[in-house]
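Q: All chains, full assembly: derive it from the sequences and hints.
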Amino acid sequence: MMLPYSNRRHLNPVADALALEVRDLNVEYPGSRRLALHHVNLRAPRGARVALVGANGAGKSTLLKAVAGLLPVSHGTIAIYGNPVGACHHRVAYLPQRGEIDWRFPIVLRRLVLTGRYVHLGWFRRPSHRDEAIVEAVIDQLGLTALMNRQIGQLSGGQQQRALLARALAQEADLLLFDEPLNAVDATTRAIISQVLTALQHQGKTIVTATHDLGRLDSDFDSILYLEEGCEAPPPVRPFAEMSLGAAR
Amino acid sequence: MIEWLMAPFQYSFMQTALLAAVLIGVACASIGVYVVLRRMAFIGDALAHTVLPGVVIAYLNSWSLFGGALIAGVITALGIGWLSRREEIREDTAIGVMFTGMFALGILLISTVRSFRDLTHILFGNILGVTPSDLGLIALITMAVLVLLALFHKELELTSFDPIHAEVIGLKASRLRYLLLVLLAFTVVSSIQVVGVVMTSALLVTPAAAASLLTNRLRPMMGLAVFFAVTSGMIGLYASFYADVSSGAAIVLACTGFFALAWIINVIRRRPLDTREE
Chain F
8 MMLPYSNRRH LNPVADALAL EVRDLNVEYP GSRRLALHHV NLRAPRGARV ALVGANGAGK
68 STLLKAVAGL LPVSHGTIAI YGNPVGACHH RVAYLPQRGE IDWRFPIVLR RLVLTGRYVH
128 LGWFRRPSHR DEAIVEAVID QLGLTALMNR QIGQLSGGQQ QRALLARALA QEADLLLFDE
188 PLNAVDATTR AIISQVLTAL QHQGKTIVTA THDLGRLDSD FDSILYLEEG CEAPPPVRPF
248 AEMSLGAAR
Chain A
509 MIEWLMAPFQ YSFMQTALLA AVLIGVACAS IGVYVVLRRM AFIGDALAHT VLPGVVIAYL
569 NSWSLFGGAL IAGVITALGI GWLSRREEIR EDTAIGVMFT GMFALGILLI STVRSFRDLT
629 HILFGNILGV TPSDLGLIAL ITMAVLVLLA LFHKELELTS FDPIHAEVIG LKASRLRYLL
689 LVLLAFTVVS SIQVVGVVMT SALLVTPAAA ASLLTNRLRP MMGLAVFFAV TSGMIGLYAS
749 FYADVSSGAA IVLACTGFFA LAWIINVIRR RPLDTREE
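Residue numbers (our numbering), protein chains in the order written: chain F, 8 to 256; chain A, 509 to 786.
Don't read these hints as lab results, they were simulated from the structure.
Incorrect hints may have been included.
What the hints assert, rightly or not - Sample of chain F residues at the chain A side, in silico, Cβ under 10 angstroms: (1) 76; (2) 80; (3) 101; (4) 112; (5) 123; (6) 148; (7) 150; (8) 184; (9) 231.
Claimed, not checked - With a straight-line Cα cutoff of 25 angstroms, these simulated SDA-like cross-link-like pairs (lysine to any residue) come out: (10) A:662 - A:639; (11) A:680 - F:154; (12) A:662 - F:86; (13) A:680 - F:161; (14) A:662 - F:167; (15) A:662 - F:132; (16) A:680 - F:86; (17) A:680 - F:62; (18) A:680 - F:110.
Don't be surprised by glycine CBs; every beta carbon is placed ideally from N, CA and C.
A: Given below as structure tokens:
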């Protein structure tokens, strides 16, 4: 028997619902009345790849966190496969920015990835052979097998990013929320992550990525939501990359 | 030599003390690893101090000291958990205000009625005064702490290094924090008998901190911390038996000695191999 972490029952997806539909969303900064997001809308059909683009502080991370259930919604709705946030935790994977984890904690890479299976285990249940097999497979997919038993603080930035992605994959979620997955990583990691994103799309997974990496936006994503100071913004007239980052590419 | 080692334990109070030292060492060191890794050392110290008024009130009314301490400890644990969720005041400030206030209340209460001798036992511990019924409670608490730490191991571990992922999968990090605080209250109360209110946090923090210098794996860390704490408990007992010094202070100093040793080993191990990765 499984005792899920959240008291709310896991609901099945509503037929024909979008993978993610955000309507007229307002989110406040924690502990203040100031709005971090104003009336934001986002529609991601199943299997879509959506980019959130904007400067630092534009609200990209806030939007991802609200969808992941980490921030309360003050107005508007978020529907994930037709259900409210929190109704199907196993279906949503969130890949945070690296700084939000205590990398000095005594845990090895393999066990970090294993935490991606916890949502399927719930209280008291220990990982099964199948869980271990899934973990080994995703670690292999991300080229981390040799580092499996290394303490997470002894990994490079790119390796840490791949470890987090491995965990998101181990969760076998349908909607994946990535916060700056390519920020400050090495070329190897970049290439591997790109491959994985493509593979995910072939599997029909829905991906929402906050990104600074404006290089190949048109080919990498099906749609782009531009954010500016918490509001939806029109696509920049000039290529955004040139405008805000200079020679970003 | 063996005679010298065995001699103290022909007395039944020394046997009881030995068992108490071992049990408390196990409980404090294993939960202490989480205390150190989650940077809760200050809370551990505060908890130990705030149970004082509970102990004193129980003492004055001839209730069970353990009961009084436990009630005060659990109230404080929940209070700290609740205070730290609010934004108006920083957590460490709130704890600082609360624990000194409660501690002062305890001192005030005891100074009005009882002798200084009772006060020193509560403040600095008296492991030789552990009664068989105390021992039973200590054993029960140690068992409970170990069983709960094992049952909730994967959740405690996850919420310690990545509370955000825990929240995303519906696991409320604050609940695990409450669990840990309540377990901590129980552990602290049982160790007050041994090292007293003032030095209890040393048993929580020092063995775990020493172990964390020697390994970066959680289980070996707990094992080493337990070894340091239990050995320190025994060293303290011998010191108090043969040299007639305060057992609590001797136990804490032995822990400090292990920490110094671990620090030196850590420095030596790192220096010539700076560039080598494990």
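Q: Identify every previously stated hint that the structure contradicts and give their numbers, smallest first.
A: Per hint list: 2, 6, 7, 9, 10, 11, 12, 13 and 17 violated.
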